[in-house]
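Protein chains in written order, with my numbering: chain E, 1 to 528; chain D, 529 to 667.
Simulated from the structure, these hints should not be mistaken for laboratory data.
Nothing here was measured: the structure is a model prediction, and the numbers come from that model.
Backbone N, C-alpha and C fix where the C-beta goes; we use that ideal spot for every residue, glycine too.
There could be a bad hint or two in this list.
Subject to a maximum C-alpha distance of 16 angstroms in a straight line, what follows is the list of computed EDC-like cross-link-like pairs (lysine to aspartate or glutamate) [said to hold, decoys possible]:
1) Lys408/E with Asp524/E
2) Lys452/E with Glu119/E
3) Lys636/D with Asp247/E
4) Lys430/E with Glu653/D
5) Lys430/E with Glu654/D
6) Lys452/E with Glu631/D
7) Lys279/E with Glu241/E
8) Lys452/E with Asp633/D
9) Lys452/E with Glu632/D
10) Lys444/E with Glu611/D
11) Lys155/E with Glu119/E
12) Lys444/E with Glu632/D
13) Lys279/E with Glu99/E
Calculated from the model, a selection of chain E residues having no Cβ within reach of chain D, i.e. all distances over 10 angstroms [stated by the list, open to error]:
14) Asp247
15) Leu354
16) Gly365
Not everything, but these chain E residues come out facing chain D in the computed CB check (under 8 angstroms) [stated by the list, open to error]:
17) Met92
18) Ala308
19) Thr346
20) Phe440
21) Ile453
22) Arg472
23) Pro474
24) His475
25) Val477
26) Phe528
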Amino acid sequence: MKNKFTTISSVPIKPLYKPEDIKTLNYDRDLNDPGHFPFTRGIHETMYRGRLWTMRLFSGFGTPEETNKRFKFLLEHGQTGLSVAFDFPTLMGIDADQERAAGEVGKCGVNISTLQDMEILFDGIPLDKVTTSMTINGPAAVLLAMYLVVAEKQKVPWSQVGGTVQNDVLKEFIAQNSYAFPPDPSMRVVVDMIEFCTKEVPKWNTVSISGYHIREAGSTAVQELAFTLADGIAYVQACVERGMKVDDFAPRLSFFFDAHNDFFEEIAKFRAARRMWAKIMKERFGTTNSRSTMLRFHTQTAGCSLTAQQPYNNVVRTTIQALAAVMGGTQSLHTNAWDETLALPTEQAAMTALRTQQIIANESGVINTADPLAGSYFVEALTDQMEKEAYAYIEKIDKMGGMVQAVKAGYPQRETADASYRYQQQIDSKEKIIVGVNEFKTGKEPPMETLKISDSIHTFQTKKIAAVKKKRNPHKVSDTLSALKTAAKGGKNIMPPLCDCVRAYCTLNEMMETLKGVFGEYHDPGIF
Amino acid sequence: MTRESSKKRPLRILIGKPGLDGHDRGVKVIARALRDAGCEVVYTGLHQTPEAVVATAIQEDVDAIGLSILSGAHNFLFQRIHELLKEKGATDIMVFGGGIIPEEDMPKLKKAGVAKVFLPGATTEEVVQWVKNNIKAGG
Chain E
1 MKNKFTTISS
11 VPIKPLYKPE
21 DIKTLNYDRD
31 LNDPGHFPFT
41 RGIHETMYRG
51 RLWTMRLFSG
61 FGTPEETNKR
71 FKFLLEHGQT
81 GLSVAFDFPT
91 LMGIDADQER
101 AAGEVGKCGV
111 NISTLQDMEI
121 LFDGIPLDKV
131 TTSMTINGPA
141 AVLLAMYLVV
151 AEKQKVPWSQ
161 VGGTVQNDVL
171 KEFIAQNSYA
181 FPPDPSMRVV
191 VDMIEFCTKE
201 VPKWNTVSIS
211 GYHIREAGST
221 AVQELAFTLA
231 DGIAYVQACV
241 ERGMKVDDFA
251 PRLSFFFDAH
261 NDFFEEIAKF
271 RAARRMWAKI
281 MKERFGTTNS
291 RSTMLRFHTQ
301 TAGCSLTAQQ
311 PYNNVVRTTI
321 QALAAVMGGT
331 QSLHTNAWDE
341 TLALPTEQAA
351 MTALRTQQII
361 ANESGVINTA
371 DPLAGSYFVE
381 ALTDQMEKEA
391 YAYIEKIDKM
401 GGMVQAVKAG
411 YPQRETADAS
421 YRYQQQIDSK
431 EKIIVGVNEF
441 KTGKEPPMET
451 LKISDSIHTF
461 QTKKIAAVKK
471 KRNPHKVSDT
481 LSALKTAAKG
491 GKNIMPPLCD
501 CVRAYCTLNE
511 MMETLKGVFG
521 EYHDPGIF
Chain D
529 MTRESSKKRP
539 LRILIGKPGL
549 DGHDRGVKVI
559 ARALRDAGCE
569 VVYTGLHQTP
579 EAVVATAIQE
589 DVDAIGLSIL
599 SGAHNFLFQR
609 IHELLKEKGA
619 TDIMVFGGGI
629 IPEEDMPKLK
639 KAGVAKVFLP
649 GATTEEVVQW
659 VKNNIKAGG
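With the rest of the complex left out, here is chain E (with noise of 0.2 angstroms):
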């Protein structure tokens, strides 16, 4: 008999939950209907009665080509937004042809090098018509600027262009490590997008602050939580120091969470995050905007639960933690493929992860209601719990100097790292069991069939930067780069000077080693 019930963070939690365990709840103050402050039960009045979540899966691979294709496949099945998988050269800011990338163009997403690749990658899909969001860090300002040119390719003016950068550089410092400058010029940068958008792209979402990545490098629940929104204090908070309106560009600001196993824990973690981020812009920005004050969030069910072993049963995990991010109250939602433990998901993987947000919107009925779990003595304990340790976490950062000096000391970093060497032990002990991986365990599987990224696509994307490069003005190249040299060191904002490079067919690479040779490369320490 099982004698330790704890959450999947290792939170211990009681045989049973009763009304003296939220005797301090206040409806009002603490919870409050859907669509009002402090947004606890849900950002809009009616939920999802009014409108489903989007449906967003993440998809890119190999050369933009195919991935055209794919957009347009997923679309064609009822998928109502782009997300946008880059490869690791793209992700560091390297074009195809460099040596460093050698081996890794297209294998993890698209590969993008110059506009012409974005061109094709958007080829037929109306910017006006599909929001996008592109999971793009270190090099975020670079194919922002590309994105927006195609859009005045495509003649759709740059206020009716909508989606998503995830431009949230301080986690790449936590977690998944795509930085590019060091910690102050990456804020710099960040800034600068910001300031540029409001102006200039109002439906942009210029920051997506997520804890996805902290999540899935191991933290826990609690660390995921108070590291997102101390990372979102920051961005504001430079913003602010730039001279900017909490007003003018908050609403702009989007989260993204992780759903990991487990179900519970999961639904309260996004209910805190709501209630403590319209406190936070309230209390601390003193902003009483509505807007300001909404986490809106993007959920992604958790990669790194998913099992190598008896792959199938990731549909279930899927599902369960899909249901956690509805239930919590999601705007929009990925769903994993069961294969990501192999490979990039075939298309008929990543129709059955579509397929588990459909059912899930038209069969189960949870959409009927708005936070249909409020007032469950179990959920709302712990959603108090979970804001009263992110606070204590918030606060620790907030002595540190705020989240930028805590990176520079390496605390978020060691935190999340405790966290993951802990739970591989509890794994490794059975503490914790994972079925199919250390209980109820088959005997060797079946081989699956993968998706297999060709070798070719490296020698392919390398001719056509040969062939852009070949065909471009080499003065409007170098004139265009040094304006945004001059941009960068100078202090103007490098939004406008970058679509300049873009427009004369600068390579990622060449706009990426400017800025570099200005604000220094960022390297990673490290430590483990």
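Here the structure of chain E is known, so what remains is to put chain D in place on it, guided by the hints.
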């Protein structure tokens, strides 16, 4: 170094992240587990070129190199590191690894001199035991 003294020296293992892959959860867990098991662990940090991995391995006089690759670039990177070790006359340094690696790539990796590949679900205990049983200090 005599055989006698080499037996007393702890195993020295280079744990490396070659390529552009930023996933370091697993590699950090393995580095800690090997350290806790008494190995001397040198961790390269992320985003290393194959050249840098091999140069560090030789400079640090390690007994083995453990590589973590979750980016799909394993065929290229293991092969390249194998070639570089051969060039430097350092093939006595054993190479093992782990990551998101399809079963069907195993023969290719074996050919590229990879002694062992740990797949998702492997325990830290399995890795530690394998290292202790298969790698000789001062080899």
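Tell me, which hint numbers fail for this structure?
When the structure is compared with the hints, numbers 2, 3, 7, 10, 13, 19, 20, 22, 23, 24 and 25 turn out to be violated.
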